[in-house]
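Below are the chains, spelled out letter by letter.
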Amino acid sequence: MQRRTRTFLVSAFVAALVVVAGFLYFTPGYLPSIPGAVEANPTTQTINKGEYLARAGDCIACHTAPGGKQFAGGRAMATPFGNIYAPNVTPDDETGIGRWTSDDFYRMMHQGISRDGALMYPVMPFASYTKVTREDSDAIYAYMMSVPPVNQKNRAHELRFPFNQRDLLIGWRALYFKAGEYVSDTKKSTQWNRGAYLVEGLGHCAMCHTAINKLGGSKTSQEFEGGMIPNQNWYAPSLTSNREAGLGNWTIKEITDLLQAGISHRATVYGPMAEVVYNSLQYLSDADVEAMAVYLKELPQRDSEPAPTQSARLVSPNVMELGRKIYAKQCLMCHGEEGKGHPPEYPPLASNQSITMSSPVNSIRMVLNGGYAPGTKRNPKPHGMPPFSHILNDDEVAAVVTYIRVAWENSGTPVIAGQIGELRTIVPE
Amino acid sequence: MEARVQGCVTCHGQSGQGTSNEYFPRIAGKPAAYLYNQLVAFRDGKRVYPPMNYLVAYLPDAYLRDIAEHFSKQRPEFEPKQQTTAATAVVSRGATLALSGDPSKQVPACIICHGPGLTGMEPGIPGLVGLRSSYIVAQLTRWRTGNRQAPQPDCMKRIADRLSEADVHAVATWLSTQDAPRDASPASSNLQKMPLACGSQR
Numbered sequence: 000m001q002r003r004t005r006t007f008l009v010s011a012f013v014a015a016l017v018v019v020a021g022f023l024y025f026t027p028g029y030l031p032s033i034p035g036a037v038e039a040n041p042t043t044q045t046i047n048k049g050e051y052l053a054r055a056g057d058c059i060a061c062h063t064a065p066g067g068k069q070f071a072g073g074r075a076m077a078t079p080f081g082n083i084y085a086p087n088v089t090p091d092d093e094t095g096i097g098r099w100t101s102d103d104f105y106r107m108m109h110q111g112i113s114r115d116g117a118l119m120y121p122v123m124p125f126a127s128y129t130k131v132t133r134e135d136s137d138a139i140y141a142y143m144m145s146v147p148p149v150n151q152k153n154r155a156h157e158l159r160f161p162f163n164q165r166d167l168l169i170g171w172r173a174l175y176f177k178a179g180e181y182v183s184d185t186k187k188s189t190q191w192n193r194g195a196y197l198v199e200g201l202g203h204c205a206m207c208h209t210a211i212n213k214l215g216g217s218k219t220s221q222e223f224e225g226g227m228i229p230n231q232n233w234y235a236p237s238l239t240s241n242r243e244a245g246l247g248n249w250t251i252k253e254i255t256d257l258l259q260a261g262i263s264h265r266a267t268v269y270g271p272m273a274e275v276v277y278n279s280l281q282y283l284s285d286a287d288v289e290a291m292a293v294y295l296k297e298l299p300q301r302d303s304e305p306a307p308t309q310s311a312r313l314v315s316p317n318v319m320e321l322g323r324k325i326y327a328k329q330c331l332m333c334h335g336e337e338g339k340g341h342p343p344e345y346p347p348l349a350s351n352q353s354i355t356m357s358s359p360v361n362s363i364r365m366v367l368n369g370g371y372a373p374g375t376k377r378n379p380k381p382h383g384m385p386p387f388s389h390i391l392n393d394d395e396v397a398a399v400v401t402y403i404r405v406a407w408e409n410s411g412t413p414v415i416a417g418q419i420g421e422l423r424t425i426v427p428e
Numbered sequence: 000m001e002a003r004v005q006g007c008v009t010c011h012g013q014s015g016q017g018t019s020n021e022y023f024p025r026i027a028g029k030p031a032a033y034l035y036n037q038l039v040a041f042r043d044g045k046r047v048y049p050p051m052n053y054l055v056a057y058l059p060d061a062y063l064r065d066i067a068e069h070f071s072k073q074r075p076e077f078e079p080k081q082q083t084t085a086a087t088a089v090v091s092r093g094a095t096l097a098l099s100g101d102p103s104k105q106v107p108a109c110i111i112c113h114g115p116g117l118t119g120m121e122p123g124i125p126g127l128v129g130l131r132s133s134y135i136v137a138q139l140t141r142w143r144t145g146n147r148q149a150p151q152p153d154c155m156k157r158i159a160d161r162l163s164e165a166d167v168h169a170v171a172t173w174l175s176t177q178d179a180p181r182d183a184s185p186a187s188s189n190l191q192k193m194p195l196a197c198g199s200q201r
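Here the protein sequences line up with chains H and C, keeping their order.
For what it's worth, numbering that gives the first Met the number 0 labels the leading residue of the first sequence as 0, then goes sequentially.
For what it's worth, numbering that gives the first Met the number 0 labels the leading residue of the second sequence as 0, then goes sequentially.
None of these hints come from the bench; they were simulated from the model.
Please read all numbers here as calculations on a predicted model, not as lab measurements.
Incorrect hints may have been included.
[Stated by the list, open to error] Result set (SDA-like, lysine to any residue): computed pairs, CA atoms no more than 25 Å apart in a straight line:
| id | chain 1 | residue 1 | chain 2 | residue 2 |
| --- | --- | --- | --- | --- |
| 1 | C | K156 | C | P194 |
| 2 | H | K376 | H | K218 |
| 3 | H | K296 | H | Y51 |
| 4 | C | K45 | H | N153 |
| 5 | H | K324 | C | N20 |
| 6 | H | K324 | H | K380 |
| 7 | H | K380 | C | A94 |
| 8 | H | K380 | C | T144 |
| 9 | H | K68 | C | P49 |
| 10 | H | K328 | C | V47 |
| 11 | H | K218 | H | K380 |
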């Protein structure tokens with residue numbers, strides 16, 4: 000009996016030690032400072048390389064508020080758990096990252112731990128940035144140190160309990176985060192590996208193109224299989240399904256056009272992807288964009304759900320007729336007979352995967368709010384589609400979206416008026 | 000260019016003349032610099048109207064300038080002027096504010112800056128003729144609340160603050176019931192000294 004109590008006490012003590020040690024291990028505090036660091040004297044070449052890589056990582060998109068100073072933070076990132084405000088990452092000593100060393104910066108990129116040891120919320124894509132090499136991290140650091148410092152205090156996050164408890168991130172990290180630089184696949188070409196490095200690392204494409212669960216995590220097994228982007232209400236299509244944005248039957252040129260110019264003969268980017276092209280991809284070199292295209296095209300094809308059945312695709316003749324009439328009156332002028340479009344300016348709707356994919360959200364939003372492709376170096380004056388929210392009622396939008404999803408041998412399913420009303424109330428962004 | 004700006008036409012009309020919708024403004028013939036300032040403000044979130052903020056979010060300066068110039072050169076017919084059921088006193092108060100101003104409130108007349116024909120003034124002051132009262136009321140109200148701003152010094156803010164709600168309603172009513180001008184072109188730049196310093200005229 001006594002022995003049992005003692006065993007219990009010892010085990011309890013050991014368990015407590017493990018918890019405390021784990022806590023200390025996972026909340027690591029400041030890094031020791033190393034004297035004589037050479038990082039204050041980067042070459043122009045390194046800074047330029049860092050600028051290029053910062054573009055590839057699209058740092059600016061989140062760390063600059065609309066109309067605000069570059070990299071000074073303050074942009075609200077709406078999450079299902081409350082608002083997170085991107086911090087100031089200018090090299091201001093007091094309010095930015097001016098006191099950070101390249102070691103601090105690498106630990107942040109690689110492990111998602113801030114300079115003071117705080118665990119970072121995974122809205123910062125460190126789960127992707129962990130793949131970035133130390134050399135590239137140092138170049139980005141050198142660039143960030145070279146931009147104008149802005150003295151602007153960080154705005155406190157507005158997260159609901161319990162999500163405002165950073166220690167809970169220990170659990171999140173155990174489930175969804177694995178630190179580790181990109182490891183080349185020796186069976187693949189250098190080009191493929193470069194593409195993989197950019198897509199999986201700085202590009203952090205999986206942040207949107209992999210479904211996010213209730214805990215804000217994404218499963219590696221479903222990587223690039225698409226999902227709704229939380230709080231933005233755009234659907235990021237699957238990159239692995241040829242029924243969505245799977246690129247298996249696209250040419251490399253079509254993919255590079257879409258990524259770099261924002262338009263292609265197959266499709267056009269709008270919404271959050273227009274932002275990515277505008278702030279990031281348009282600046283990447285032809286070689287890098289091509290490498291990304293090669294990698295994306297070779298992603299293994301797998302469908303998370305089966306193709307819609309014949310009965311799921313049934314549409315009443317009245318709806319089809321209403322949709323056809325609206326198409327002829329409002330859409331045909333640009334999208335042409337038979338939905339062939341006049342690519343690349345006016346995208347085709349026939350056999351366009353983004354029209355027929357299982358979620359109709361993007362098509363509905365385009366009809367309601369219109370959209371402009373991003374103005375890029377290769378396409379500085381994009382054509383635009385006007386909003387129809389004030390012209391078409393819910394039944395009409397449902398009919399015309401249904402029509403473009405099932406006409407011309409398109410393989411989509413019909414939508415109903417209820418789906419339109421819901422999206423009408425959402426502020427376009 | 001006309002093909003490129005099809006994104007604008009369901010709200011602003013094929014040539015920027017406006018549509019039957021009460022709220023969407025005529026943009027044709029407004030000075031190019033004014034239109035450009037608005038497009039940039041919408042893109043950068045400094046003027047807030049989500050459907051517009053969304054549409055122009057990823058368009059570069061040079062292109063916004065082209066779009067502004069395109070619409071500034073349009074001279075489509077005006078939509079029929081609005082009819083009003085407002086009391087005569089309201090309309091006459093509006094006329095006074097627009098044509099003479101209100102010295103007791105230090106409010107200059109609209110026509111001093113927005114042009115004798117209310118067709119605006121180069122480079123940065125918009126025409127008011129052809130706008131609907133609900134749009135004008137909304138804009139003046141937004142200025143009063145700080146929701147809409149012009150480049151500093153923001154002369155329109157100072158004027159909007161001096162107007163009462165009744166004044167806003169009166170002047171909007173009067174403006175929306177004016178006949179189309181013979182020449183819709185904006186007045187030339189700073190023909191006369193501005194009564195208040197305006198950032199958009201610099």
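Hint by hint, here is what the structure shows:
no. : hint              : verdict
1   : K156(C) / P194(C) : 14 Å, holds
2   : K376(H) / K218(H) : 35 Å, violated
3   : K296(H) / Y51(H)  : 24 Å, holds
4   : K45(C) / N153(H)  : 21 Å, holds
5   : K324(H) / N20(C)  : 23 Å, holds
6   : K324(H) / K380(H) : 31 Å, violated
7   : K380(H) / A94(C)  : 43 Å, violated
8   : K380(H) / T144(C) : 35 Å, violated
9   : K68(H) / P49(C)   : 21 Å, holds
10  : K328(H) / V47(C)  : 31 Å, violated
11  : K218(H) / K380(H) : 39 Å, violated
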